[in-house]
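S.K.: We have chain A already, so just place chain B on it with the hints.
The listed protein sequences derive, respectively, from chains A and B.
In terms of the working numbering, the first sequence has 107 at position 107, counting the first letter as 1, and numbering is strictly consecutive.
In terms of the working numbering, the second sequence has 1223 at position 223, counting the first letter as 1, and numbering is strictly consecutive.
Treat the hints with care, as some may be off.
What the hints assert, rightly or not - Not everything, but these chain B residues come out facing chain A in the computed CB check (under 10 Å): (1) G1064; (2) Y1099; (3) L1104; (4) Y1108; (5) R1299; (6) F1301; (7) I1311; (8) I1406; (9) K1408; (10) V1442; (11) M1445.
Think of the hints as simulated: they come from the structure by calculation, not from any bench.
Values in this document were obtained by computation on a predicted structure and should not be read as measured data.
C-beta atoms are modelled at their ideal positions from N, C-alpha and C, and glycine is treated no differently.
Given next are the chains, with one letter for each unit.
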Amino acid sequence: MDLSKLTIADARDALRAGDYTATELTQAYVDAVEGSDALNAYSTKTPEKALEMAAAADKRLAAGDAPDMCGIPLGIKDLFCTEGVQTQAASHILDGFKPQYESTVTTNLWNAGAVMLGKLNMDEFAMGSSNETSYYGPAISPWRRGNDDTALTPGGSSGGSAAAVSADLCLAATGTDTGGSIRQPAAFTGIVGVKPTYGRVSRWGIVAFASSLDQAGPMTKTVRDSAIMLKTMCSHDPKDSTSADIPVPDFEAALTGDIRGKKIGIPKEYRMDGMPAEIEALWHEGAEKLKAAGAEIVDISLPHTKYALPAYYVIAPAEASSNLSRYDGVKYGHRAKLKPGEGITEMYERTRAEGFGPEVQRRVMIGAYVLSAGFYDAYYLRAQKVRTLIRQDFEKVFADGIDQILTPATPSAAFGIGEMADADPIKMYLNDVFTVTVNLAGLPGVSVPAGVDHQGLPLGLQLIGQPWGEADMLNTAYALEQASSFTAKPVKWW
Amino acid sequence: MTELAYTEPKPKVIAGAKRDWELVIGMEVHAQIASNSKLFSGASTHFGAEPNSNVSLVDAAMPGMLPVVNEFCVEQAVRTGLGLKAQINLMSRFDRKNYFYPDLPQGYQISQLYHPIVGEGEILVDMEPGIARKVRVERIHIEQDAGKSVHDMDPEMSFVDLNRTGIALMEIVSRPDIRGPEEAAEYVRKLRQILRYLGTCDGNMQEGSLRADVNVSVCEPGAYERFRETGDFSHLGTRCEIKNMNSMRFIQQAIDYEARRQIAIIEDGSTVDQETRLYDPNKGETRSMRSKEEAHDYRYFPCPDLLPLTIEQAWVDEIKAGLPELPDEKKARFVTSYGMTEYDAGVLTAEVASANYFEQVAKGRDGKVAANWVINELFGRLNKEGVSVKDSPISADQLGGIIDLIAKGDISGKIAKDLFEIVWTEGGDPAEIVDARGMKQVTDMGAIEAAVDAVIAANPDKVAAVQEKPSMAGWFVGQVMKETGGKANPKAVNEMIQKKLGIV
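Chain A extracted, bound-state conformation (with noise of 0.2 Å):
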């Protein structure tokens, strides 16, 4: 098998033709994953679960009682609590831990019969657009600049995910998204990335980051792939107050092609100065593709843009520095020695200034600011309200008939590991312009790769969905997807 080419659905297909078992498939995962350090994608490897998942996995296939994942060999992003499994969230804070209890959204998977093949590597608690906040490292994307072999971010928050996606280091991952940290990345290496609606999955036993924006989603290489794999993903769940209670639908079956007499909304606020030319002619490309295939293209306003950034990285830290109050050294995880004489403050303050990089304790740092007395009114407050008003941006649009705006993903291709390691922390920040709105308005959104640049790297474009408008979207990106014909591979080095 040519796992560079295999897709979910195709795998779906074969093992439940015998064309190969999931042992099998599953081995030659665990071999790629094997040979793979150099992109440090993965952060835990489990070979021997995934080996005996997929001998479970084969005896339901020979059953013929086989949902669609069954056997499907993924990775699991690090920030998904796996019972027995190191889960770190990438962070030195949460050293050793292992759960004792699985998240709902891997439970689903796992249910279905799909194979964990090892956790994936990401930014610290999710804090980060390059997978550079690791504290296992930063993962290394698998594309390269033309003949250039300076190492590329794969993006982040699920770097990992997206680099062992990428680079057929397993069929497909599930990553998390809080301000663009699954479409972002899935932009870098030329798959594709879906965060759905802020309800659709369940958030229980998925390291925190910001309660009110955080959701998972899958990272595959094709539509199709994340139609099926979303499915399996989403649950109402009793044990997550915030989980919507409504039906899953079958993604997979939305999947027509047809967008005739669709109506997609072109925001004119997200033509940013100093966009460079290339994303500009995607995004246009992007909306011609559409065209052809039927759709309208609608001029749109969604006035409060320019507010969402900072907005964002206002509600985003305040709810951190609340979420991550509870690594303390007193229950799990890291806990700093201490000198005679020392007490509970002092454990504190070393533990957490151990256990935390520098990126989270900023954002920590930040949102105990903005929440904190006399400042709470002017930060906080008003961040909340500006995301009304982002929310209400899209709602008019939306009762206006548009059924998905069209935008880039990101403001730019892949960059290097460390180039922007000098640069203002708002230069990185920058890299979710185009995502934080989606999360802020709970709106689903998926990145579709494109195209590439000059260079070769992949450049990926995002369409944002109605409310639980999942299905509808995703079959907007597979009519983009299939005029986009989008084929690059990285070429293997590692």
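M.R.: Frame of chain A, contents of chain B only:
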């Protein structure tokens, strides 16, 4: 509902070295909601379990764990609000109160700062019959309890017990309407009584189910009235909060000490610092826990893991329809329907169980007689033995049987007390005991007459004396009762003696 008329008690006045001072007190009572499971997890709330045995993944704040609100606890808070005649907010919200402490695993307490579930209500604080104060309740919100840190088990380490972590509390916040230490204790007593009537909190102060933070300030006479007129807190003195009181007695002592401490500071020409203090019952004094400057910045914000809590008016109405008769109503009804004193009604309605016991006894009987027997004989004996009315060895029907025997004239009051003793220790049907043991009172006039005659004949000197002093007739009654082993009907004896001795 009938309301008993009352007048307001006078505020407590403390004479300082220079002038008189009045007290202004507000209370924040933390009442543990009577629920088998915690506010946001399924873990048990059973008291006295092995340390860290009632702890779920959520309580221990494991990564990725999420709170899910326990609807039963919400219902209890609504019930409590309705019991305090308070406004129920159909939309409320949970907020996070952030601070670090080892017994707070999440690093925040989930509480309700901005939008509590219950708004303005009131509690009638009874001081003595006819004297009471209506204390306004500002709000009730639901929140999680913290765990317990244990510092005295090891010289090097502290231990943490998370059994209490996440247990549901109601914080019931009063307005600063309480005007003295006794009123403060009575406020807690009354609140506890209402909670126990409602069944929303067991009120067990030893186990920490009910704890109070007390805000105390002092002001010059007249200042409080100006505050009430204007709502302007600047008319009041600077307050100090005394934390975590779990005894009515200590509450009174602490307030008294704290007020005097503040008065001394002010009269010294200095100012009271707003701060949090702790009461040390051994020393009988309060000491500073942390000043305003050291106060935590709790960085409250809406808990993003929980949706706003919305409830339906119909549900509230349903809960309201299921409310029991509450202490004030019950007391008023006892006074009006049984003709008893407010004091007696207060005693009988202190607990639902005693009120129910009384009503069972009073059913079809004279209410005053029943009240008398329940309060004096039964409660007197229960208190002496330290037995609760629930575990009373004499049932309401048995006590009713004793009263019936008196009413029928079968036994005298004195024999009834003996009978009470027999039923208390041995049990049994009172009427059967009276029959079996020949305790029935002698109503045979012939036998009484013979006994009277015998006493008169044996005591000629007393017969002469009683002519001078008719009140001595009682002595003859006593002698006859003794002769008849107490079984003669005293009323009949008395009449017979008066007739025989010619006293009118």
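S.K.: The structure should be examined with respect to each hint, and the outcome stated for every one.
M.R.: We went through each hint and held it up to the structure:
1. G1064: With Cβ-Cβ at 4 Å, under 10 Å, it holds.
2. Y1099: holds (8 Å)
3. L1104: Check passed: Cβ of L1104 of chain B comes within 9 Å of chain A, closer than 10 Å.
4. Y1108: holds (6 Å)
5. R1299: Because about 4 Å separates R1299 of chain B from the closest Cβ in chain A, which is inside the 10 Å limit, the hint holds.
6. F1301: holds (5 Å)
7. I1311: Cβ of I1311 of chain B sits 15 Å from chain A, so the hint is violated.
8. I1406: violated (61 Å)
9. K1408: Hint violated; K1408 of chain B Cβ to chain A Cβ min 63 Å, cut 10 Å.
10. V1442: violated (75 Å)
11. M1445: violated (80 Å)
Hint compliance for this structure: hints 7, 8, 9, 10 and 11 are broken, all remaining hints hold.
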